[in-house]
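Trainee: Could you build the full structure based on these sequences and the hints that come with them?
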Amino acid sequence: AQSVTQPDIHITVSEGASLELRCNYSYGATPYLFWYVQSPGQGLQLLLKYFSGDTLVQGIKGFEAEFKRSQSSFNLRKPSVHWSDAAEYFCAVGAHGNEKLTFGTGTRLTIIP
Amino acid sequence: DVKVTQSSRYLVKRTGEKVFLECVQDMDHENMFWYRQDPGLGLRLIYFSYDVKMKEKGDIPEGYSVSREKKERFSLILESASTNQTSMYLCASSLNGGYTFGSGTRLTVV
Numbered sequence: 001a002q003s004v005t006q007p008d009i010h011i012t013v014s015e016g017a018s019l020e021l022r023c024n025y026s027y028g029a030t031p032y033l034f035w036y037v038q039s040p041g042q043g044l045q046l047l048l049k050y051f052s053g054d055t056l057v058q059g060i061k062g063f064e065a066e067f068k069r070s071q072s073s074f075n076l077r078k079p080s081v082h083w084s085d086a087a088e089y090f091c092a093v094g095a096h097g098n099e100k101l102t103f104g105t106g107t108r109l110t111i112i113p
Numbered sequence: 114d115v116k117v118t119q120s121s122r123y124l125v126k127r128t129g130e131k132v133f134l135e136c137v138q139d140m141d142h143e144n145m146f147w148y149r150q151d152p153g154l155g156l157r158l159i160y161f162s163y164d165v166k167m168k169e170k171g172d173i174p175e176g177y178s179v180s181r182e183k184k185e186r187f188s189l190i191l192e193s194a195s196t197n198q199t200s201m202y203l204c205a206s207s208l209n210g211g212y213t214f215g216s217g218t219r220l221t222v223v
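Those sequence lines, one after another, are chains A and B. Going by my numbering, the first sequence opens with residue 1, and the numbers climb by one from there. Going by my numbering, the second sequence opens with residue 114, and the numbers climb by one from there.
Among the clues, some could well be false.
Some but not every residue of chain A turned toward chain B, in silico, with C-beta under 10 Å [stated by the list, open to error]:
#	residue
1	34
2	38
3	43
4	44
5	46
6	51
7	53
8	55
9	61
10	87
11	90
12	105
Everything labelled a hint here was simulated from the structure, so no lab data went into it. Heads up, the beta-carbon is just placed ideally off N, CA and C, and yes, glycines get one too.
Mentor: Structure below.
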């Protein structure tokens, strides 16, 4: 069975600083990997996804993520965060040919001035 | 823009009531999902559907049922609401792995 671990429940970052959110997955073959963002009181919005090919994936809002098979990781990065990036971030894993996703427990990001 | 609409943002229901949560998508997606979201637990899959009149149990189906009579509509039913079903409910539809989520329904059972 597939699973996702987001080891950081809450991260605080200064505005303008760089960000890395961690995601580790468990899956027997090459997974589909996703990052979603949820603003307070809202549904989830897709930031980026990895299916195959280039392991460095670019997404919306200046985010990127890198798939590292050897580490079973798909960490999300942003070089300089903005106050509007404060939200909850979810990593998710899926299987080829199967639309069902398994989500991590989320990382809440707080931005301080 | 693709859209998933959940009919209610907030609901308050009494214990034992039958509750219907409605979800409509306008993207002609075949796949639709119901998740519940609770602090510290992330999103947990309740039920999903790959086609009209088709449904499969997710990870936590107990106490819930679903209906998909038309491709665009996927309903979640709480047969007899209980306080432990107080939660945020999220509907999603997908094509090729990319989910589009609704804004969620926050259900409180009193």
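Trainee: Work down the list of hints and note, for each, if the structure agrees.
Mentor: Going through the hints against the structure:
1. 34: 7 Å, holds
2. 38: 8 Å, holds
3. 43: Hint on residue 43 of chain A: holds, closest Cβ of chain B at ~4 Å, below 10 Å.
4. 44: OK, holds: residue 44 of chain A within 10 Å of chain B, min 4 Å.
5. 46: Since the shortest Cβ distance to chain B is 6 Å, the answer is holds.
6. 51: 7 Å, holds
7. 53: 14 Å, violated
8. 55: Where the cut-off is 10 Å and the nearest Cβ of chain B is about 17 Å from residue 55 of chain A, the hint is violated.
9. 61: 16 Å, violated
10. 87: Since chain B brings no Cβ nearer than about 14 Å to residue 87 of chain A, farther than 10 Å, the hint is violated.
11. 90: Hint holds; residue 90 of chain A Cβ to chain B Cβ min 7 Å, cut 10 Å.
12. 105: Because about 4 Å separates residue 105 of chain A from the closest Cβ in chain B, which is inside the 10 Å limit, the hint holds.
Hint compliance for this structure: hints 7, 8, 9, 10 are not met, and every other hint is.
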